[in-house]
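Engineer: Start counting the sequence shown at 1; every next residue gets the next number (the working numbering).
No lab work stands behind these hints, which were simulated from the structure alone.
C-beta atoms are modelled at their ideal positions from N, C-alpha and C, and glycine is treated no differently.
If a hint is listed, it holds; no wrong ones were tucked in.
In silico DSS-like pairs for lysine-lysine, Cα to Cα no more than 27 Å straight-line:
| hint | residue 1 | residue 2 |
| --- | --- | --- |
| 1 | K993 | K884 |
| 2 | K806 | K840 |
| 3 | K187 | K123 |
| 4 | K18 | K28 |
| 5 | K1131 | K1195 |
| 6 | K1057 | K1131 |
| 7 | K186 | K892 |
| 8 | K987 | K799 |
| 9 | K1057 | K1133 |
| 10 | K663 | K690 |
| 11 | K1138 | K1195 |
| 12 | K898 | K872 |
So the derived label-pair ranges between C-beta atoms look like this:
| hint | residue 1 | residue 2 | range |
| --- | --- | --- | --- |
| 13 | A649 | I718 | 27 to 35 Å |
| 14 | E1222 | P951 | 52 to 60 Å |
| 15 | A1164 | N183 | 36 to 44 Å |
| 16 | P952 | I628 | 58 to 66 Å |
| 17 | Y881 | L1035 | 49 to 57 Å |
| 18 | T1192 | N217 | 38 to 46 Å |
| 19 | E1222 | P975 | 24 to 32 Å |
| 20 | T543 | V998 | 23 to 31 Å |
| 21 | T1260 | V804 | 22 to 30 Å |
| 22 | D1104 | Y1261 | 44 to 52 Å |
| 23 | E1137 | V804 | 33 to 41 Å |
| 24 | K1114 | L1035 | 24 to 32 Å |
| 25 | Y1119 | W1039 | 29 to 37 Å |
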Amino acid sequence: MADLIDCNFPVWGLLPKKETGVTQFLTKYPEYDGRGVVVAILDSGVDPGAPGMQTTSDGKPKIIERFDCSGAGDVDTSKVVQAPDGYIIGLTGRKLKVPSNWNNPSGEYHIGLKNLYSLYPSKLKERVVGERKKRLWDDGHKAAIAEACRQLQEFESKNPQVSTLEERLQKEELEARVEVLNNMEKKYCDVGPTYDCVVFRDGNIWRACIDTSEEGNLEAGVFLGEYTATRDFAPLTQEDQLNISINVHEEGNILEIVSLCSSHGTHVASIAAAYFPDNPELNGVAPGAQIISLTVGDGRIGTMETGTAVVRAMIHIMQRKEKVHVINMSYGEHAHWSNTGRIGEVMNEVIDEYGVTWVASAGNLGPALCTIGTPPDISSSSIISVGAYVSPDMMVAEYSLREKMPGMPYTWSSRGPMIDGGAGVTVCAPGGAITSVPNFTLRKSQLMNGTSMASPHVTGAVAILISGLLAKGCPHSPYSIKRALENTALYVSNLDPFAQGSGLLQVERAFDNLVSYNDAAERDIRFAVNCGVNNSKGIHMRTGVIDRPKDYAITVEPVFITSETIDPSRKIDFNLKLTLVCDASWVQFPTHLDLMHMPRAFAIRVDASNLSEGVHATSVRAYDVTNIAKGPVFQIPVTVVQPMTLPKAALLPDLTYTNILFKPNTIQRHFILVPDDATWAVLRLKSTEKDKTGRFVIHTVQLKPRLACKTLEVNRMISVTSQSETVQSFAVQGGLILEVVIAKYWANLGDMFVDYTIEFHGIHMIHGNLTMQSGDGINRLELRSSLRNEEVVPSISLKTSVQVLKPSESKIAPLRERDIIPPSRQIYELQLTYTFHSAKATEVTPNATLLSDLLYESEYESQMWMIYDSNKQLICCGDAYPSKYTIQKLEKGDYTMKMHVRHEKRDLLERLTDMPVLLSQKLSSPINLDIYANHSQAIIGGKKMVAASIPPGHILPLYIAPLSNEAKISKYVTPGSYLQGTLTFCKDEIGKKVDSHVFKYIISEPTKKNSNSSTKSDKEKTTKWDEYNEALRDLKCNWLAKLEPGEYANLLYGELKNIFSDHLPVHTAMLTSLDSPEARRHIPHDDLSENTIALANQIITVADAVITNIDQDKLLAYYGLKIDQRPDAAKIKTTMEKQKNSLIEGLVKKGCALARLYVHGTKAAEGDGSFEHLLESVMHHWQEVQKFAEPTDSKVIILSLWHAHINNHYGRYLKLLTRYYEEKPLKELEEKCIEIARVLGWEHWSRLLTTSIPTRYPATYRLF
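Produce the complete structure using the sequences and hints provided.
Structural biologist: Printed below as a string of structure tokens:
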């Protein structure tokens, strides 16, 4: 045992503040700890019950507002009711008792309902579903199965030989019970309870109660006032510990329940501003700051942010009477472009018009360059972008590493520059902490890391800076704060410049800068720098080999904050005399610039032709000649990539590197101009040292114009050993610069020598179509290889069918006050409705292609879709990124898809009122197209191509034949559909995985068979008069079936029966009419009226007319035939089919009518046995019909149900009901199941179904 045990824990490393000077600053200025500053956290929601989230250091409430901007917590409470006798009937149907102590002067209550699980983050839902199954299902189910099995065994031991019909049915009944119970376990699905919500105004504020008792006991429910007025919050249930609060909108018509969609936001808020009076070392950066929690992550789609949520959050900040000083947004996506986009425009407005400092995480997509997310990458450079740094203290306290290393950026922290040349990272800050998480996690604190954690550190720092500036009365702006952070950060020269930006944040130096220069001429000015034709934020050369100088036109425009309302004299007086400086000899620029309130243009020449291979970065910095000490007033970043090219003379296009030393966080970058015909590359790594294993990150990126960095990108964490080679393949595109990064993971201690090679391969398709249809004939493709001898095994595998859905209805409506950009810019919503049918359970992906993969850069503000089943139950939601929202298994049935798109310009929405949506459904098995080596074999469907080899410089043609069995497939697809899959050429699996093309095959419409094509023989030829009479008869039969039973139906039946007494459809139509009131009930029941009995007697009479009209023996004989050789076999078949269907209908309807008479009779006669003959008659008809159809056949199942009903065969009854439910998912069937489950004592099942009914059969669609 060690002599000394260290009892001092390095607590300061858990939420690090020393490294950035926060601790020293707050020691010097304890009052400037964020007091008087409001921080908006745009995230997944902040838990007001989490440790450190209660008060500020000066005793004020910490979280002053909580809003869920996504809409996921909204409840439609537009239905208004009174409570005359102290009770309300809720939308679930429960009777709700109004507590006597509620004060509601108006007497009006708004009611709605909310499913519990729709408020749960996914991790919590997993936990609660598991706990509920254990508590409410498992024991009851095990007992029920044991009992059912015991009864079956007892019966089998008593009756080893089943001889009578009664015994057979009894055995079937017991077997059915066991089967039903086993199926219930397999299909167990807990959709969670649905709670009634009641909203009312108590004279001053809105209050809401959520009936978590599920019994109508509102006293025991969650009762809350609006959070902003009362700071009320409470856990939904004891077991979940999920703290919720409420807001009310639209005069009580919308209740917004504010939950959390993950623990991310609470952790972020804790880093920025947690306050622990008893443990100050655990405090966040600004313990005195107050927080507004604005949820932008939408719980319906995981935790993804939506345009609606981000814009609503910004509107809330704009609408607030008291100023929000700083925003933290540790959220974002990778945008395809940043110079335009609706959401980016509104972000600029928040900063430029409302003076809010915006801090955002740079992203976690490093270590390759150009991997910054949006935000911060928008059209302006106003957002503070934060990279993630890990300090020696963090390594020990948070990560428990064996040894301390010098501080460094995390391997995964996103790197600059932005694709358009912008700086990328502003500053870096500690990117990890062990601090508070929400109570629902059932833990006090947790380690999380990411630029998501670095960003709130800077947000907290900005809060303490503003706190000090307010106390000192020093004016400032979002621009002066950003410049101060950049100009005072600690730049560490041996760390990756692209990861640290201007360096590690230094709070005290930034404060001194802001105080000293608070009267600088440019304090309230941002400098809009535009470079080149695309208005880029900087200069970025990464297009090919640089062999000549290039000139860039630069404009710099000073723009004042709140430019439209600022005093004009400030614009007139503004003048800066600037001197321009750059450290790089390869950049030529003017030395001076006189800047006034107008755009100034000048040129910069970049002559990088003599630069070595690799990346080179510098910046042109503009200093105020009167005060150089304050730092640059603006910078123009310049990044140049000089790629290596593969020598033409090389035998193989491979690059080999041997014995390269990797230490923790060593990063090797290679920039290679990819050879023209290359389509994939392979990276092979191997350690040269025995018994050493290292964790490495491989990252490859190619940039394409106006596409995100993730378009051609692979990022993998791998293990490298000496025993075997690690192989990673990735797709490449010829002619573009490829960055290959190999990095040893920062926390992987120890040095390691590695050998690696990068090989390029290519099978380049130079000619041919990737979309074909049968009318195109043979599709010729041409492949070329120019790098090496490539083995080709072509394959086309079509895996999905894609149908085009068009909206069945569309409507545009103005939204309410949450969606009006101040002062009065109204946002409109377009709602589109689509319907589709799923013929079998399959994987489905909806895709609104017009708007897909666009969020921040989209011209529209927001989009979202929801899919509902035929009972309006919400099945799935999705938004801008279709690949994230594949529904793994959509059951067979009819579905409705609702889609919404928002914008403030109504005319832009009108353009989308007919927007098509693609629906991809996975095929049960892929369809392969045949590929041939030559045209002649392709035409005759001869010998298929197996494999070929293409020597360098050669061209190989392939021939794709159209589908031979297209008619078979076209039966199942809608017009305009196509099949989609992949086309691959490569033989080896390594290349095949990554080098593939999307291939589409358009299905042509099936030919319509002419129904009147069968020519009649001379004998059968009829006159037009006969045809007319037949048509008239058929029309009357059709209408008879549609009439309600009664006078008109009897009249029409009488008329038809007199003329066509032998025509079966006359009688079956009458049966349909007579049975129509019962058919609407769907299932057997005991409440039979006199009218029902009268109709039942009538049904028996009409059914007899059908049954006696058909020769059953002849029918049975026909269906016993193996093959019918008669010349008119087809005609006979049609006649027999019609007879069989009529007979089944007659037997089924008569059987059901007899069953109803039996139920009615036994009820009236108190069971004196005089109706047993009816029971036997039902049994007889049920057996008769089984000669022609299965008892579970959709036409017969209703009789089978009646048979089980009158015999009290509950097991068979349930088995039939579950089968019936597959065809007709109706609430009545579920309610019947609940009734029978209670009779059988299966309380666990009846409870599960009862709980689920309000969720599975809602009255309306959900709100967006």
